[in-house]
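Undergrad: Numbered per the working numbering, the sequence shown spans residues 256 to 547.
In case anyone wonders, no lab produced these hints; they're calculated from the structure. Hints should not be assumed to be uniformly reliable.
Unchecked claim - Label-pair ranges, simulated between beta-carbon atoms:
1. Asp477 / Glu282: 14 to 24 angstroms
2. Ser444 / Lys478: 21 to 31 angstroms
3. Glu349 / Ile510: 52 to 62 angstroms
4. Thr433 / Glu282: 50 to 60 angstroms
Where a beta carbon is used, it is the ideal one built from N, C-alpha and C, also for glycine.
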Amino acid sequence: MIIRKFDKSDKDELSKLSNFIDKVFWENRDLKERFHSSISAKLHKDIFTVQIAAQKLAAASTHKSSWHPNCIYVQLAYNLDGVDEQVLQSLITELENKYEQPLFFLLDDRFYQVKDILTRNQFRMIRKTEIIHIGPILPKGESVQDERILSISEIRTNEAIMNSFIQLCKKTYTETHTDNPVANLPIESWRHAAMDGLLEEHSYVLVDGIEINAFSLMYETDKKSWELGWLGVDDLSQISDLDKLIYKQLEDAKIHNISFIEKEVDSTCPFSLQIYNFAEYEVAETLYAYMK
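Based on the sequences and whatever the hints tell you, model everything.
TA: Right, here's the structure in full:
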């Protein structure tokens, strides 16, 4: 059994790797896409394979992120029905020896073998993420009436209020990602991240003068589903203000015949966890982030 560093410029080898990925992930299109996305990432690093002669047993692609620059992201590929754990152990050990920065793995339950090995190797689960589908069902109670609630489209031309909004996006995201810190990015990067693909008429803020006290952002995934993105409050003691904004978004979804709203709920984010207390939902997928 040998570990080879892959020559990405070798088209023949790249084709063989692609065939291997198709073979081991033949029923898992999403995993194929993630692995190929890592290879084509702007900040792609390396590809490693574990082999016996010409037979590939496992592969790893590594890349970096301009938003979270303090770690190495790892995507793995192997037969999910079961592989010799020594193969995975050897590959993970090779990656640890290769890089000085921490390794970051984002896994679901299909990678049960990797999760066990990472735990035995003192990797820490830094975050659990549930991807939930929220039904457009309004909680019992009156429709929200609060003149402080405005849509992003209504504040779009007010630069002072927009600046407060973007600063709060940056503050809340940074505070909920301390284990894998965010880069020191210019404010325009945060503005672009928040506004790219935003449904401005269905994204709401709570305004006090020119200050934003709470926000909840909505994005379109297709004609029948939306995605609830960043949300947060300036003062955690006022976290129930999010309920008012989400209520408005559920009203909008019902009016527009949206089947469901998808949301990633991180165990490290009190703002997204607030949804559990407010809306009806189903868990579609669970992800685990490991880092060392």
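Undergrad: Hints broken by the structure, by number, lowest first?
TA: Of the numbered hints given earlier, the structure breaks just one, which is hint 4.
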